[in-house]
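Peer 1: Single-letter residue listing:
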Amino acid sequence: MILGRVVGSLWCTRKHAGLGTYKLLLVRPYFYYDPSHETEQVVAVDTVGAGVGEDVVVCLGAPARWSLGDANLPVDAAVLGIVDRCQLQRVAFEGGAPAREGGPRARPLAPLGAQPPRTVEWIE
Amino acid sequence: MLLARVVGKVWGARQAERLQGHRLLVVRPLLAAACPSAVVAAAPDRPALAALRVDVSADHPALEESAATRVVVDELGAGPGELVLIAHGSRCRDLTLGEAVPTKDLVVAIVDGAELRFEQPLEGARP
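So the protein sequences, as listed, match chains F and G. By the numbering used here, the letter at position 104 of the first sequence is numbered 104, and the numbering carries on one by one without gaps. By the numbering used here, the letter at position 123 of the second sequence is numbered 123, and the numbering carries on one by one without gaps.
Among the hints, erroneous ones may be present.
As the list claims (entries may be wrong) - Every beta carbon over 10 Å from chain F, so not counted as near; a handful from chain G, in silico:
#1 57
#2 71
#3 109
Stated by the list, open to error - Taking CB as the label site, the calculated pair distances span:
#4 F:84 with G:14: 32 to 40 Å
#5 G:11 with F:122: 50 to 58 Å
#6 G:10 with F:11: 27 to 35 Å
#7 G:17 with F:84: 50 to 58 Å
#8 G:23 with F:53: 32 to 40 Å
#9 F:14 with G:98: 45 to 53 Å
#10 G:55 with F:70: 27 to 35 Å
#11 G:24 with F:82: 34 to 42 Å
#12 F:89 with G:19: 24 to 32 Å
Calculated directly from the structure, the hints in this document are not laboratory data. Virtual Cβ for every residue (Gly too), placed ideally from N, Cα, C.
Please take these sequences and the hints and turn them into a complete structure.
Peer 2: Here it is in structure tokens:
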């Protein structure tokens, strides 16, 4: 799952029937765990009534389909939760050493610098 | 799923048998949809935190494409210049194109419109 902010919504008339009437949200991840992911956006189906501007947790892959209650939807991302608050270790997301020696570090996306998550409490 | 701009088509006389009859499109995933700084720079007179409908058929700065291209199978009839929604994975393919088609990327929707949020950079934020 990834942490991101809903930055927009989309509408489409020509689409696969499986997408049905689900609301499509455009989400900007705050961090990506996969450095090879070249784009900084993901479109997710909304299951919890999230709105534009909210911080959300997005599930990618097959579990996103299961969460919709129908495993036969051509969907690979779903918003599963609206974030009220989260705590992050600052060192793991900024320059310098990762949180533990040899440990992983999320790749912060470029525009994040100007827009840290409102819901985040940083742990020094 | 990703937003991507259709930038061309591919066709070939010699191709995998199971690709026959499927349209192949060249797409470029959007780089950073609704990048706040790019959008604010483009529309400095917009109030912060306002949502605005953007014309997805035009070159809006919020809809900048990445240089990386991807070839996808299209069943919906998307054309060059259109904004499409790309789903990835074999299961999505099974559910839409059928299990026999050798691809993992496909068009699941053609985007008509988008409403994007415009945000001002926060003062004192990390560089």
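Peer 1: Can the suggested window of 32 to 40 Å be confirmed for the beta-carbon pair residue 84 (chain F) and residue 14 (chain G)?
Peer 2: 56 Å Cβ-Cβ, so the 32 to 40 Å window is violated.
Peer 1: Is the Cβ of residue 71 (chain G) more than 10 Å away from each Cβ in chain F?
Peer 2: holds, 15 Å
Peer 1: Does the hinted range 45 to 53 Å hold for residue 14 (chain F) and residue 98 (chain G) at CB?
Peer 2: Because 19 Å falls outside the window, the suggested range is violated.
Peer 1: Are residue 10 (chain G) and residue 11 (chain F) spaced within 27 to 35 Å by their CB atoms?
Peer 2: holds, 28 Å
Peer 1: With 50 to 58 Å as the target window, see if residue 17 (chain G) and residue 84 (chain F) comply at their CB atoms.
Peer 2: holds, 53 Å
Peer 1: Return holds or violated for the Cβ distance of residue 24 (chain G) and residue 82 (chain F) against the range 34 to 42 Å.
Peer 2: holds, 38 Å
Peer 1: Could you see if the CB distance from residue 55 (chain G) to residue 70 (chain F) stays within 27 to 35 Å?
Peer 2: holds, 33 Å
Peer 1: Can you let me know if the beta-carbon spacing of residue 89 (chain F) and residue 19 (chain G) is within 24 to 32 Å?
Peer 2: Violated, since residue 89 (chain F) and residue 19 (chain G) (Cβ atoms, about 47 Å apart) do not stay within the stated range.
Peer 1: Is the claim that residue 57 (chain G) lies outside the interface with chain F correct, judged by CB distances over 10 Å?
Peer 2: holds, 13 Å
Peer 1: Just tell me: holds or violated, for the beta carbon distance of residue 11 (chain G) and residue 122 (chain F) against 50 to 58 Å?
Peer 2: holds, 52 Å
Peer 1: Over 10 Å from every CB of chain F: does residue 109 (chain G) meet that, or does the non-interface label fail?
Peer 2: violated, 3 Å
Peer 1: Range hint 32 to 40 Å: satisfied by the CB atoms of residue 23 (chain G) and residue 53 (chain F)?
Peer 2: holds, 37 Å
Checked against the numbered hints above, the structure violates hints 3, 4, 9 and 12; every other hint is satisfied.
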